[in-house]
Amino acid sequence: MATQATATATPRMQPADAERSAAGLWSDALWRLRRDPTTLAAIAVVVTMVAVALAADILAANFFHRSFTQQDILSSYEKPNGTEPWMWLGTDELGRSQIVRLLYGARVSLFIGTFGALTAFVIGLAMGLTAGFFGGHWDDLVVWLVTTLNSIPLLYLLLIIGVLFRLEPLPFAILLGGLGWLGIANYARGQTIALREREYVVAARTVGSTAVRLMVRHIAPNILPLMIVLAMIEVGQLILIESAISFIGFGIQPPTPSWGNMLTNAAQYLGKAPYLIYPPGIAVLVTVLCLYLVGDGLRDALDPRLRGAVGGGARK
Amino acid sequence: MGRFIARRLVQAIPTLFGVLLLTFLLSRLSPSDPVQLMLAGQFDVTPEERESLRHSLGLDQPLPLQFLAWLWQLAHLNFGNSIYYHRPALDLILERLPNSLQISIAALIVTVAVGIPLGVIAAMRRGHIEDHAIRVFSVAGHAIPQFWLGLIFVLTLAVQLRWFPIGSMNTVGVDCLLCWDRLWHLLGPVLVISIAGIANLPRILRTEVLEVIAQDYVRTARSKGLKERMIVARHILRNALIPVVTSFGTILLVFFSGSLIIERVFNWPGLGRLTFEAAVGKDFPVVQAGVVISSVLLILSYLVRDIAYAWVDPRIKVR
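Taken in sequence, the protein lines are chains A and B. Residue numbering for the first sequence follows numbering that gives the first Met the number 0, starting at 0 and increasing by one per position. Residue numbering for the second sequence follows numbering that gives the first Met the number 0, starting at 0 and increasing by one per position.
The hints are simulated quantities; they were obtained by calculation from the structure and are not laboratory data. Hints may be right or wrong, so weigh each one.
[What the hints assert, rightly or not] List time: in silico SDA-like cross-link candidates among lysine to any residue, alpha-carbon distance up to 20 Å:
hint	chain 1	residue 1	chain 2	residue 2
1	B	281	B	80
2	A	271	A	163
3	B	281	B	74
4	B	281	B	24
5	A	271	B	214
6	A	78	B	159
7	A	78	B	158
8	B	226	B	215
9	A	271	B	80
10	B	281	A	160
11	B	281	A	71
12	A	78	A	277
13	B	281	A	253
14	A	78	B	154
15	A	271	A	98
16	A	271	B	161
17	B	223	B	234
18	A	271	B	160
19	A	78	B	281
20	A	271	B	155
21	B	281	A	248
22	B	223	B	236
23	B	226	B	242
24	A	271	B	159
25	B	281	A	252
26	A	78	A	271
27	A	271	B	157
28	A	271	B	154
29	A	271	A	71
30	B	281	B	152
31	A	271	B	183
32	A	271	B	158
33	A	78	B	151
34	B	281	A	165
35	A	271	B	152
36	A	271	B	151
37	B	281	A	163
38	B	281	B	86
The whole structure should be built from the sequences, with the hints applied where relevant.
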């Protein structure tokens, strides 16, 4: 049954693809992905980022010979130079190596983006699937929750939370995910409502499948591929939000470096050390850009009919 | 139309209730005690005085009663007093609000003025270099951290080249809401904040235009020999713009949220900076009022958007 359900989601084949129609959804997507150099390049960048962030400890100890908190007042405000690896991106007002801090910042940003998106994915899928499937009061409640959360400007909401609670990276990631599931839930709900009355679902219902089985085996596999794409884009969005809220001092707290709070510092010494402002911002831009490109490319590979409708939920 | 507006207004009530409930619950669930926040820095307070303050604030009442009491206060436009300024929080916000609205409205105008031509160009030149360039710009515009773009703007164009003022709304000694001096100060924050809108609008418009171009009436217009300019303005754009109205919801949300941080970067004395400074100073009533007022404004904007949508497309009212 599950394979049959997946088959309905497999895109209609274009003539050129026709002889490959026996392939499954994922191998089909892989086949298209291999012919998409932009997406492949973006995947390479993201994978490198993750690898470097994971290896931050090893690189800092063995290559840069500096920890992210290590101060060196004598070499403060050092412009980027090639004399020693740890000075490649210069030093801040305390003589801390910017490149090492950038590495650890990558760790924090990617951690928060990934765990936040994971949380958003789980909540969004559960809420959207059940709301669309059961309808009624539960659906009303979920729609009300989505509308309400969409009516509070996110940064204001994070600001008030930041005043009242001090959060470590993991709870902070979960909080961001707990506020960022709206788009994913909307998509899952809409698709579930559309799929609920399809013949194969009705057939499964007639032979006595339970509600859980209908949702998990027959509906979820059909919406999962694009949900994964949305989650990918969510990682990028959460990295942006984290950097913004950390920048104004209500996110990740120093001395833990994040790209956002490195920029707080850089903004303070804008006149004296303008070079500090570029690396963290470029790091955010490149990471988020590549995540979006991977999301876009994956979506096109999974469902070529949607090509051009960027952002997944932007247009139904 | 009147019935549609009335129905839409009624629909906004549960949303508003949800916003207020969430704001209230957050403040009461937090480990930090409001009395503690209010008395921060005062060490000569006896426990009795603390208790009487707690009682006078109604904090010894059950939670639902506290919530109702708070709603009653809000209904009388009483958002509490600022701990720092010793003035009603609402007054402080209303003083700053026009400054914030000025940025949002100007950004909306820039977004429409730049975004609509870009969207049309992308669709008419589909697959050509213009289309690709606009697509790249859109994706980059979504990926760039807005506040960082603002910082770069301040650093390069204001600090280093001195083309623009470094911050604030007016040159010292000048005070006006609409004059060249204000426009000069406005340009930085407005440009930076409208990037988000300009990244969003053309993409949506492009899809709509491509859909309309395929319609029979466009072919008819072409075959009867109308000028291309006429076809785009009268036949294509008019119809393509209708669904685009809904996308203003996302754009407005981004503007409202973004203003908080852009006002900080450009030192613009608006609602966002007031709320941010209150948050730094733990001036809780002002933060709470800032969150509530910005949400109310957003709900009102959604309302205006939906009414505009129903106005340009009467079919919507039936739903």
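These are the hints, each one checked on the structure:
Note on residue 281 of chain B and residue 80 of chain B: the hinted pairing holds, with a Cα-Cα distance of about 13 Å set against a maximum of 20 Å. The suggested pairing of residue 271 of chain A with residue 163 of chain A is violated, with an alpha-carbon distance near 34 Å, which exceeds 20 Å. Between the alpha carbons of residue 281 of chain B and residue 74 of chain B the distance comes to roughly 24 Å, so the proposed pair goes past 20 Å and is violated. As the CA atoms of residue 281 of chain B and residue 24 of chain B are separated by approximately 18 Å, the hinted pair is consistent with the 20 Å bound.
Taking the CA atoms of residue 271 of chain A and residue 214 of chain B, the gap is about 59 Å. The hint is violated against a cut of 20 Å. Distance check on the hinted pair: residue 78 of chain A and residue 159 of chain B sit about 17 Å apart at the alpha-carbon level, within 20 Å; holds. Only pairs whose Cα atoms come within 20 Å are accepted, and residue 78 of chain A paired with residue 158 of chain B is accepted, the gap being roughly 18 Å. A hinted pair counts as satisfied when its Cα atoms are at most 20 Å apart, and residue 226 of chain B with residue 215 of chain B qualifies at roughly 17 Å.
The hinted pair formed by residue 271 of chain A and residue 80 of chain B fails the criterion: a straight-line CA distance of about 40 Å is larger than 20 Å. Of the pairs offered as hints, the one joining residue 281 of chain B and residue 160 of chain A holds, with about 12 Å between alpha carbons and a cut-off of 20 Å not exceeded. For the hint linking residue 281 of chain B to residue 71 of chain A, the alpha-carbon distance of about 34 Å lies beyond 20 Å, and the restraint is violated. A distance of roughly 12 Å separates the Cα atoms of residue 78 of chain A and residue 277 of chain A; the hinted pair therefore holds under the 20 Å criterion.
For the given pair, residue 281 of chain B sits about 19 Å from residue 253 of chain A by alpha-carbon distance, which is consistent with the 20 Å threshold. Among the hinted pairs, residue 78 of chain A with residue 154 of chain B is consistent with the structure: their alpha-carbon atoms are about 16 Å apart, no more than 20 Å. Distance check on the hinted pair: residue 271 of chain A and residue 98 of chain A sit about 19 Å apart at the alpha-carbon level, within 20 Å; holds. Of the supplied pair hints, the one linking residue 271 of chain A and residue 161 of chain B holds, its CA atoms being roughly 16 Å apart against a limit of 20 Å.
In summary, the hint linking residue 223 of chain B to residue 234 of chain B is supported, as the alpha carbons are separated by about 13 Å, within the 20 Å threshold. As the CA atoms of residue 271 of chain A and residue 160 of chain B are separated by approximately 15 Å, the hinted pair is consistent with the 20 Å bound. For the hint pairing residue 78 of chain A with residue 281 of chain B, the CA-to-CA distance comes to about 37 Å; that exceeds 20 Å, so the pair is violated. For the hint pairing residue 271 of chain A with residue 155 of chain B, the CA-to-CA distance comes to about 13 Å; that is within 20 Å, so the pair holds.
Pair hint residue 281 of chain B plus residue 248 of chain A holds up; C-alpha atoms about 13 Å apart against a cutoff of 20 Å. As the CA atoms of residue 223 of chain B and residue 236 of chain B are separated by approximately 19 Å, the hinted pair is consistent with the 20 Å bound. At roughly 25 Å between alpha-carbon atoms, residue 226 of chain B and residue 242 of chain B are farther apart than 20 Å, so this suggested pair is violated. A distance of roughly 12 Å separates the Cα atoms of residue 271 of chain A and residue 159 of chain B; the hinted pair therefore holds under the 20 Å criterion.
With a C-alpha separation of about 17 Å, the suggested pairing of residue 281 of chain B with residue 252 of chain A holds against the 20 Å cut-off. With a CA separation close to 10 Å, the supplied pair residue 78 of chain A and residue 271 of chain A stays within the 20 Å bound. With a C-alpha separation of about 15 Å, the suggested pair residue 271 of chain A and residue 157 of chain B falls inside the 20 Å cut-off, and the hint holds. For a cut-off of 20 Å, the pair hint linking residue 271 of chain A to residue 154 of chain B stands: about 11 Å separates their Cα positions.
In summary, the hint linking residue 271 of chain A to residue 71 of chain A is supported, as the alpha carbons are separated by about 17 Å, within the 20 Å threshold. A C-alpha spacing of about 30 Å is found between residue 281 of chain B and residue 152 of chain B, which places the hinted pair above 20 Å, so the restraint is violated. Of the supplied pair hints, the one linking residue 271 of chain A and residue 183 of chain B is violated, its CA atoms being roughly 26 Å apart against a limit of 20 Å. Annotation: proposed proximity of residue 271 of chain A to residue 158 of chain B holds, straight-line Cα distance about 11 Å (limit 20 Å).
The suggested pairing of residue 78 of chain A with residue 151 of chain B holds, with an alpha-carbon distance near 18 Å, which does not exceed 20 Å. Taking the CA atoms of residue 281 of chain B and residue 165 of chain A, the gap is about 13 Å. The hint holds against a cut of 20 Å. The hinted pair formed by residue 271 of chain A and residue 152 of chain B meets the criterion: a straight-line CA distance of about 16 Å does not exceed 20 Å. Only pairs whose Cα atoms come within 20 Å are accepted, and residue 271 of chain A paired with residue 151 of chain B is accepted, the gap being roughly 15 Å.
Proximity of residue 281 of chain B to residue 163 of chain A is assessed by CA-CA distance (about 9 Å); at most 20 Å being required, the pair is judged to hold. With a CA separation close to 15 Å, the supplied pair residue 281 of chain B and residue 86 of chain B stays within the 20 Å bound.
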